[in-house]
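Visitor: So you can see what is in the structure, the chains are spelled out below.
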Amino acid sequence: MSQLKIAVVLLVSILLQLLLREVWRPLSYIDFPLVVVVYIALQRDAWQALLVGTLAGLIVDAASGGLIGAGGFSKTLTAYIIYFAATRVNLENPLLRIPVLAAGSLLDSAIYVFWHRVLGYPPAVPLMQTMSYKLIATTVVGTLALYMLDALVAERSAQRRQFATRRRVARRSTGSLRRR
Amino acid sequence: MALLVANLVIMAIDARDADGKHKMLRVWTQTFASPLQNASSKASGATTGFFQQIWNFRSTAQENEQLKERLTQVETELNNARQAAAENERLKGLLGLNEQTTINSIPARVIARDPSVWFNTITINRGSSSGIEMNMPVVTAGGIVGRVITVSPWASQVMLLTDEKAGAGAVVGQLGQSGALGSVRGRADLGVALIEMRYVSGTEKVEVGDNVMTTGQDGIYPAGLNVGRVVEVKSGSATQAHHILIQPGAQLDRLEEVAVLLYHPPPRSVPEQTPQNAERSRR
Numbered sequence: 756m757s758q759l760k761i762a763v764v765l766l767v768s769i770l771l772q773l774l775l776r777e778v779w780r781p782l783s784y785i786d787f788p789l790v791v792v793v794y795i796a797l798q799r800d801a802w803q804a805l806l807v808g809t810l811a812g813l814i815v816d817a818a819s820g821g822l823i824g825a826g827g828f829s830k831t832l833t834a835y836i837i838y839f840a841a842t843r844v845n846l847e848n849p850l851l852r853i854p855v856l857a858a859g860s861l862l863d864s865a866i867y868v869f870w871h872r873v874l875g876y877p878p879a880v881p882l883m884q885t886m887s888y889k890l891i892a893t894t895v896v897g898t899l900a901l902y903m904l905d906a907l908v909a910e911r912s913a914q915r916r917q918f919a920t921r922r923r924v925a926r927r928s929t930g931s932l933r934r935r
Numbered sequence: 002m003a004l005l006v007a008n009l010v011i012m013a014i015d016a017r018d019a020d021g022k023h024k025m026l027r028v029w030t031q032t033f034a035s036p037l038q039n040a041s042s043k044a045s046g047a048t049t050g051f052f053q054q055i056w057n058f059r060s061t062a063q064e065n066e067q068l069k070e071r072l073t074q075v076e077t078e079l080n081n082a083r084q085a086a087a088e089n090e091r092l093k094g095l096l097g098l099n100e101q102t103t104i105n106s107i108p109a110r111v112i113a114r115d116p117s118v119w120f121n122t123i124t125i126n127r128g129s130s131s132g133i134e135m136n137m138p139v140v141t142a143g144g145i146v147g148r149v150i151t152v153s154p155w156a157s158q159v160m161l162l163t164d165e166k167a168g169a170g171a172v173v174g175q176l177g178q179s180g181a182l183g184s185v186r187g188r189a190d191l192g193v194a195l196i197e198m199r200y201v202s203g204t205e206k207v208e209v210g211d212n213v214m215t216t217g218q219d220g221i222y223p224a225g226l227n228v229g230r231v232v233e234v235k236s237g238s239a240t241q242a243h244h245i246l247i248q249p250g251a252q253l254d255r256l257e258e259v260a261v262l263l264y265h266p267p268p269r270s271v272p273e274q275t276p277q278n279a280e281r282s283r284r
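Sequences listed follow chains H and D, in order. Our numbering puts the first residue of the first sequence at 756, with every later residue one more than the last. Our numbering puts the first residue of the second sequence at 2, with every later residue one more than the last.
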């Protein structure tokens, strides 16, 4: 997986997170950086997942009214847990990504709120309602986003595309030889 | 593990730094993000405005007639107000009262809202380069909005009144005439639509529809600013405070333009740390 592609995808996800709430409030329920973190963790690249989780969490924390580090902590831990699961259970099936995304969103929110409550900064919104909206929005949009990331970032899918083109070319050439 | 510990340490430092003097990471992020947020805010505002104009075009003629009627009314009211102001000045002069000091303000535009869904802060396009400082009050024509919690050179972060950590000293009715003093603050389950007022004595008379004003005793907001209107009262008793819900005067979920008051609260006298009797007993 190219480092540069990951950096660009991460940057885009952070920008979307920072800017979309201004356009329409419900869009802020989609946790774009978390989707990227989950994607990298599912590729079983532990260090990259943890670093991306920390970085994305810290930047979003710094722009929000919450505690700096709470998002970093929650995303890093979520990335590790998903990576741990991905190394033991086969999560390659695209359908299995849906429950993984949902669990990731739930875990991330729970850890984030836990630290805020422990340190005396209770969130300013109803807990269950916000958690549910975030879970639904991140899972629905995240599932589509993971397909897009697969097409854009994953080397395996790029290889698959290359092989498909080669096969097509090969078939054409063998077909024309037969006809001759 | 090291990353988790590092995050935990940053979090603990941030939680201890309640006055926000050492929020370097936050200030730098805001400094770099504010131009982008500014551009995005302008773009989204222009797009929304364009569609809104098309939508509003249909009712323009009717609205024009209504506005003309309203203009006539307002002109009459303005003349009356001018006469009253002139009379007020004359009477002040007769009584020898000093002119009331006015608080300067800086207009600002909301360029971003909290990117996390858990908090309700806003970011405005004015920062320390415009003279904004920590804890300065932010208001709209409707009433108070909140206070500045982080200042970077070109942007500032504002904690809304609906946050549980935000609070303001307030009074139901007019300051000096009413004894219904208390404090207002947000509550998570109320969202941005309502705030609650606490510690108002159960013996004071409070009714739905009463206006709530700031008292100036919190060291943040000047006295006499509108907070909102009482929408629900659960009456208390001699031993129990009223439970009051207030609808904020400012439309906190639709803020676009605000003003930052360049207000510095009067310094408070510091109480003696050591009681005199303790000093005597040592001798």
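Simulated from the structure, these hints should not be mistaken for laboratory data. Source: prediction; values computed, not measured. Keep in mind that the hints are not guaranteed to be accurate.
[Stated by the list, open to error] Partial chain H-side listing against chain D, Cβ under 10 Å, derived:
| hint | residue |
| --- | --- |
| 1 | Ala762 |
| 2 | Leu775 |
| 3 | Gln884 |
Think of the CB as a built atom: it goes at the ideal place given N, C-alpha and C, for glycine as much as any other residue.
Visitor: With reference to the structure, classify each hint as holding or not holding.
Guide: Hint by hint, here is what the structure shows:
At a threshold of 10 Å, the smallest CB-CB gap from H:Ala762 to chain D is about 16 Å, leaving the interface hint violated. Interface restraint check for H:Leu775: the shortest CB-CB distance to chain D comes to about 8 Å, inside 10 Å, so the restraint holds. Checking H:Gln884 against chain D: minimum C-beta separation of about 9 Å stays under 10 Å; hint holds.
In summary, the one numbered hint that this structure violates is 1.
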